[in-house]
Amino acid sequence: MLLPRFEYRPATSLAQATTLLAERADARLLAGGTDLLVDLRERRQAPGLLVDVSGLPELGGIAVRDGSLWIGGGVTVAELGRAPLVAERAPALHQAARDFADYLTRNRATVGGNLANGSPGADLVVPLLALDTSVVLAGPAGERRVALDDFLEGPRRTALRRGELVRAVVIPQGGGVQSWYKLGLKRGGAIAVVSVATCLRVGTDGRATGAAIALGAVGPRPFRAREAEATLLGTSLDAGRVALAASRAAQAARPISDVRGSAEYRRAMVEALVTRGLGAAR
Amino acid sequence: MRTIDLRLNGRRERVAVEPHETLLLVLRQRLAATEVKSGCERGDCGACAVILDGRAINSCLTLALQADGKAIQTVRGLGSPEAPHPLQVAFIEAGAAQCGICIPGMLVTLHAFLQERPNPTREEVREAIGGNLCRCTGYQQIIEAIELAARRLRAVNRP
Chain E
12 MLLPRFEYRP ATSLAQATTL LAERADARLL AGGTDLLVDL RERRQAPGLL VDVSGLPELG
72 GIAVRDGSLW IGGGVTVAEL GRAPLVAERA PALHQAARDF ADYLTRNRAT VGGNLANGSP
132 GADLVVPLLA LDTSVVLAGP AGERRVALDD FLEGPRRTAL RRGELVRAVV IPQGGGVQSW
192 YKLGLKRGGA IAVVSVATCL RVGTDGRATG AAIALGAVGP RPFRAREAEA TLLGTSLDAG
252 RVALAASRAA QAARPISDVR GSAEYRRAMV EALVTRGLGA AR
Chain A
281 MRTIDLRLNG RRERVAVEPH ETLLLVLRQR LAATEVKSGC ERGDCGACAV ILDGRAINSC
341 LTLALQADGK AIQTVRGLGS PEAPHPLQVA FIEAGAAQCG ICIPGMLVTL HAFLQERPNP
401 TREEVREAIG GNLCRCTGYQ QIIEAIELAA RRLRAVNRP
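These protein sequence lines map, in sequence, to chains E and A. For the first sequence, position 211 matches number 222 in our numbering, and the numbering has no gaps at all. For the second sequence, position 12 matches number 292 in our numbering, and the numbering has no gaps at all.
None of these hints come from the bench; they were simulated from the model. Accuracy of the hints is not assured; some may be wrong.
[Unchecked claim] Under 10 Å between C-beta atoms, here's a sample of chain E residues computed to sit facing chain A:
1. R16
2. F17
3. E18
4. D113
Small disclaimer: the values here were computed from a predicted structure and weren't measured. Ideal Cβ positions, reconstructed from N, Cα and C, are used throughout, including at glycine.
Using the sequences and the hints, build the whole thing.
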């Protein structure tokens with residue numbers, strides 16, 4: 012089956028790519044293509060121009076900069092899953108990269124694409140959200156930085172404006188014990204039914220000084236269960252507190268019923284998986 | 281039309297392509313590489329997998345223009361009936377192929393995977409073919425074949 016016709020420009024620099032994207036309202040960014048080309052084939056999008064940023068050096072790289080972990084938007088999910096720096100500093104993200112889609116897809120799909128696609132169940136977004144990540148957006152007028160929580164505006168909607176692309180994600184050094192769990196209908200190539208990432212920081216007195224619970228596929232966009240987090244802060248994270256936090260996380264979920272599971276099932280799984288994630292971190 | 285240069289199984293090729301043509305289409309229809317199979321054409325089945333600059337990818341979700349200047353390996357570049365690759369020998373011995381449509385993609389995926397990970401666990405083997413659907417075998421013989429091939433390749437590559 013043929014794709015619809017479009018023009019194609021390989022980007023030679025970040026500045027050229029953002030200028031092209033800004034000039035043409037019908038331009039779309041092509042990176043790994045694992046979402047975009049499927050959309051084109053199924054006629055869900057009909058761009059006049061594809062600007063190919065795959066392999067652009069300015070979008071590559073995984074490094075520690077000013078104490079934070081910087082991951083280029085063009086980094087592939089496979090690269091993320093192989094990076095010792097990611098395993099060491101962001102184990103929840105590292106595990107999500109290894110659980111992501113399947114081996115062939117991971118070799119093409121990119122970090123920036125997973126964010127820009129705006130899926131309510133985006134696998135990388137959930138752990139990134141738990142790690143207080145910010146997103147560096149590059150546009151024709153320069154760069155700006157937004158919190159990932161503000162970047163996610165709704166289903167398939169992000170803070171990306173015309174001409175902008177995801178330059179990088181930046182994960183602050185926070186430490187903490189992290190967990191990631193993705194519930195799918197199968198192991199390979201699965202779309203999340205529910206996904207949960209947690210990050211807990213515990214002081215020398217055994218009390219929680221930081222708590223993050225991020226949920227995927229149970230709302231219009233991945234989100235933080237803030238009320239559930241608040242029930243943990245300052246506590247010694249005993250079983251009763253964890254159960255209360257898990258129950259509040261389940262209440263915060265706004266799942267829909269679809270082919271992958273009912274809303275009721277999803278909510279029950281949020282409670283179970285948050286309990287498991289926090290338990291693993293205790 | 282734009283002309284791209286690529287290396288297909290070590291041979292230089294020059295071919296004119298349209299921007300909207302996928303690598304899968306150009307391989308099959310312009311370069312007669314019909315060993316690359318067309319399946320779901322949406323990145324779910326792995327039948328169209330090829331190795332692009334060392335990494336196994338779905339050629340249905342890659343534009344032909346994106347392969348300009350790159351090296352592509354298909355199952356035909358892996359071995360021949362006269363000189364089969366150890367993976368191919370193991371697939372035959374283990375009875376890992378039935379209808380065969382998934383096998384070219386399966387073999388190149390595994391070839392790239394075993395180069396990255398010569399000594400995989402069974403769980404890693406199962407995970408590596410997560411994007412290659414086989415509707416005949418139930419995967420058991422395929423997994424046995426991979427483990428057999430990995431053992432033999434390690435013995436050959438041992439210094």
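Each hint tested on the structure:
1. R16: holds (5 Å)
2. F17: Holds, because the Cβ-Cβ distance from E:F17 to chain A comes to roughly 6 Å (cut-off 10 Å).
3. E18: holds (6 Å)
4. D113: holds (3 Å)
No hint from the list above goes unmet by this structure.
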